[in-house]
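Enquirer: Each chain, letter by letter, is given below.
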Amino acid sequence: MIVDCHVHLYGEREEVTANTDELLKYADRLGIEKLIASMGPQLCQQPDAERLELDNQYVSAAMAHAPDRLEGLVYASPGQVDKSLELMERYIAGGPMKGVKLWVSRRCSEAACDPIADYAAELQVAILQHAFFKVGGNYPGESTPVDLVELAARHPDVEFLMAHCGGNWEQGIRAVCHQPNISVDLCGGDPEAGQTEYAVALLGAERVLYGSDASGRSLASQLAKVIGAEIRDQDRRLILGDNAVRMFGL
Amino acid sequence: MIIDCNAHLGHWPFRYLENSQPDNFVALMDRCGVTQACVAPFQGLLYGDVRPANDWLIEAIAPHSDRLMPHAAINPNSPDWQRDLEEAIAGGFVGLRLYPNYHGYELGDGCLADLMAAAQAHSLTVSIHARMYDERLHHARCLVPPVTVTEAGTIARRFPEVAIVLCNIKTAEINAIAEDLGSLPNLYVEISNLEGIGAVEKLVAEIGAGSIVFGTHAPYQYMEASLLKMRESVLAAEDSAAILYKNAQAWI
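The listed protein sequences derive, respectively, from chains G and L.
Here the first sequence is numbered in the numbering used here, starting from 180 and rising by one per residue.
Here the second sequence is numbered in the numbering used here, starting from 9 and rising by one per residue.
No lab work stands behind these hints: they were computed from the structure.
Quick caveat: nothing in here was measured; it's all calculated off a predicted structure.
Ideal placement from N, C-alpha and C gives every residue a C-beta, glycine not left out.
Among these hints, one or two may not hold up.
As the list claims (entries may be wrong) - Covered stretches of chain G (chain L as the covering partner; in silico rule of three or more C-beta atoms under 8 Å from a C-beta of chain L): (1) 205 to 216; (2) 221 to 233; (3) 302 to 308; (4) 340 to 349; (5) 386 to 399.
Generate coordinates for the entire structure from the input sequences, incorporating the hints supplied.
Expert: What follows is the structure, given as structure tokens:
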């Protein structure tokens with residue numbers, strides 16, 4: 180089974196079912212059976228409580244429209260801790276969402292992330308954290324892989340999934356390789372050859388997941404990072420789906 | 009049949025690449041079902057004198073001359089570039105690769121017009137790279153902004169007999185010149201940096217399949233990425249054939 184662990188449903192908010200159907204149409208062509216969505220129809224770096232509410236309602240509605248295909252993560256923010264915990268209780272403890280997504284509102288090394296991580300530990304769900312090594316500097320609240328290592332070290336009972344292999348994937352993978360509760364997803368960058376092989380070599384295939392960052396990215400270009408990688412077939416199966424099934428309890 | 013219009017061989021300066029030598033690259037083509045590829049030397053990006061880069065390429069690919077079509081790196085902003093061009097033509101190169109951002113000129117500069125005139129006189133294809141890789145990931149001491157491609161239409165109109173391929177171009181940049189792409193028969197884009205779901209079919213709807221060629225940017229990128237993009241999009245058979253090889257065959 181192929182699971183895309185990192186997608187967004189861009190479009191107009193009131194067209195959630197059409198946006199979902201659109202994404203699934205392309206997923207079908209590539210044999211992608213399940214997709215894990217988070218965040219709203221347009222990206223918001225500093226969501227207030229109302230925006231978090233709306234964005235999570237949006238993903239919830241998409242999941243209700245395609246319950247056999249679409250999974251969801253709660254879009255939480257260390258800038259809105261109380262609202263984040265409320266949403267985790269509603270959508271994870273109450274179902275059906277499978278984990279947490281944190282983006283760029285605060286660097287994840289900040290203490291403000293701790294209540295969210297503590298609750299994730301209690302709920303036994305993973306956290307997908309955006310992290311990027313970017314030449315020229317990050318957004319003010321944008322985490323680097325080093326920030327994620329700090330957070331993961333404080334919360335050894337939580338599984339973290341570092342998005343984009345940390346942007347500059349050679350540096351990002353090296354930064355997290357010694358922190359065993361951090362896995363990486365492959366999504367969001369150009370399909371640079373060698374990325375997947377490098378991740379497998381340094382982390383082991385069990386800590387590498389396929390994701391696309393669609394619909395901004397092509398499902399295909401990102402899938403090629405796994406299909407085209409010169410790795411063992413059993414490792415390819417782990418990356419394409421088995422790891423996501425385990426991490427998110429699908 | 010599949011023709012890859014955007015490939016390189018040789019030494020990429022910032023990372024070891026597994027399939028950057030001719031034998032490995034042809035094996036990769038075989039694995040992916042790619043029939044032929046237009047290849048240029050990576051060394052042409054940074055060498056002060058591009059001739060050793062071109063010389064290396066033409067010798068290295070000799071055993072694969074039926075599969076690999078050599079494109080010479082030319083820097084028209086370099087003194088005596090005409091000699092580099094003459095040697096490339098004499099050496100059997102069938103196209104030219106330009107890297108305006110690495111070589112320090114803009115598409116509207118006179119040096120490019122001079123080179124285009126020479127390319128037209130010698131019936132050479134000209135491929136212009138908008139970038140080589142994601143600007144966010146550049147080496148901290150080698151930051152190279154992308155090429156501004158808005159002048160591409162002006163060049164294509166001025167040199168109508170030269171097939172111009174814009175390589176490593178992103179969707180937003182294509183959108184900015186979509187009108188020119190849709191109306192100028194000698195101006196093409198290749199798909200290696202197209203992103204977004206169903207990007208190829210959406211681009212066909214926007215500018216027509218006649219303006220699009222298949223390219224992978226291998227071995228820097230996984231060759232499979234562009235192949236899977238073709239699968240992600242549903243195209244009419246004639247549009248698919250145009251992109252995969254027919255458009256390129258017209259000027260190869």
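Enquirer: A separate judgement is required for each hint: does it hold in the structure or not?
Expert: Hints, verified against the model:
1. 205 to 216: holds (count 3)
2. 221 to 233: violated (count 0)
3. 302 to 308: Per the Cβ count (0), the hint is violated.
4. 340 to 349: holds (count 3)
5. 386 to 399: holds (count 7)
Of the numbered hints given earlier, the model fails hints 2 and 3; all others are met.
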